[in-house]
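Engineer: Chains as they are written, first to last, in this note's numbering: chain A, 1 to 112; chain B, 1 to 113.
Some clues are possibly wrong.
Claimed, not checked - The calculated BS3-like cross-link candidates involving lysine-lysine, where the alpha carbons are at most 27 Å apart (straight line), are:
| # | chain 1 | residue 1 | chain 2 | residue 2 |
| --- | --- | --- | --- | --- |
| 1 | B | 57 | B | 14 |
| 2 | A | 42 | B | 71 |
| 3 | B | 9 | B | 57 |
| 4 | A | 56 | A | 99 |
| 5 | A | 99 | B | 70 |
| 6 | B | 9 | A | 99 |
| 7 | B | 9 | B | 70 |
| 8 | B | 9 | A | 42 |
| 9 | A | 99 | B | 14 |
| 10 | A | 99 | B | 71 |
| 11 | B | 70 | A | 42 |
| 12 | A | 42 | B | 57 |
| 13 | B | 14 | A | 2 |
| 14 | A | 70 | A | 99 |
| 15 | B | 71 | B | 14 |
| 16 | B | 70 | B | 57 |
| 17 | A | 42 | B | 14 |
None of these hints come from the bench; they were simulated from the model.
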Amino acid sequence: QKEVEQDPGPLSVPEGAIVSLNCTYSNSAFQYFMWYRQYSRKGPELLMYTYSSGNKEDGRFTAQVDKSSKYISLFIRDSQPSDSATYLCAMKTGTNAGKSTFGDGTTLTVKP
Amino acid sequence: NAGVTQTPKFRVLKTGQSMTLLCAQDMNHEYMYWYRQDPGMGLRLIHYSVGEGTTAKGEVPDGYNVSRLKKQNFLLGLESAAPSQTSVYFCASSLAGWDTEAFFGQGTRLTVV
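Isolated chain B (complex conformation):
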């Protein structure tokens, strides 16, 4: 039982390049989330999903797209990376329901130069 696994752990991109971050969970959770964390700031929600085939925008969705084709995977895409997207990205998942705990992955450190 690995919990929430993020791939890759580190990445350096040039401005304008694209990439996909993968989040995989093996806990059969319905809800999945993508956050970004910048220095001195808490976690800000980018996009989330309440089930396979569903996605919704969070607080800071611009410049990102997501897909949830399989229940266990949640992909975050950057179509044309910008330096402002340099951040640490965290994926989280939780059981359906408002009274459940969110489990986080270890993070992906992305630098856009």
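With the rest of the complex left out, here is chain A:
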């Protein structure tokens, strides 16, 4: 079983929709939770970075962490065609040379 499982997608939504992207994990040592956005044929770029349970908001993006359920989510409000990309969740412990464990990614398409 993988340490990090991500909803596979693909996901296609109309412009303006609310998008929910989700990951579950099995390693209770994970303390830092990230969401990366990866455009086609580009490298991943960090979108959101959270520590501990709770919500973190940045513009149209909200990252939610529930450590008791080992579940994280990324919400995108008022989705735009420019949000079309693959979203990768990633997690790391407080040690281990900063190595991250990634989900397989969810490809999102926002249609105008």
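Chain A is fixed; fit chain B onto it per the hints.
Structural biologist: Relative to chain A, chain B alone:
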């Protein structure tokens, strides 16, 4: 400030050939990583380095070697390429510490025929 730069961007190799992928960062980062990404899969760690002169194995190290002779460079070598090594390779770097962001390069698309 270029961030993380990978060379080359594309390469086609024949089975059994060797090559070296170069990763260079200009952010004075201590940690550097090599990942591979295959279709429908996330990033899998090949090797990493926590400082100049150090290297360590990641999740999928077989068939690869690395060197970190200079702090700003991290080289990934394939001694005898196999079709199973066809992938997109990403290099990343981060400051030392567990609460820091990783910055990624643009990737190298490698095809082994």
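Engineer: Hint by hint, say whether it matches the structure.
Structural biologist: Evaluated hints:
| no. | hint | result |
| --- | --- | --- |
| 1 | 57/B with 14/B | 25 Å, holds |
| 2 | 42/A with 71/B | 24 Å, holds |
| 3 | 9/B with 57/B | 24 Å, holds |
| 4 | 56/A with 99/A | 22 Å, holds |
| 5 | 99/A with 70/B | 20 Å, holds |
| 6 | 9/B with 99/A | 24 Å, holds |
| 7 | 9/B with 70/B | 21 Å, holds |
| 8 | 9/B with 42/A | 11 Å, holds |
| 9 | 99/A with 14/B | 32 Å, violated |
| 10 | 99/A with 71/B | 18 Å, holds |
| 11 | 70/B with 42/A | 26 Å, holds |
| 12 | 42/A with 57/B | 25 Å, holds |
| 13 | 14/B with 2/A | 32 Å, violated |
| 14 | 70/A with 99/A | 19 Å, holds |
| 15 | 71/B with 14/B | 31 Å, violated |
| 16 | 70/B with 57/B | 18 Å, holds |
| 17 | 42/A with 14/B | 25 Å, holds |
In this structure, the hints that do not hold are numbers 9, 13, 15, in rising order.
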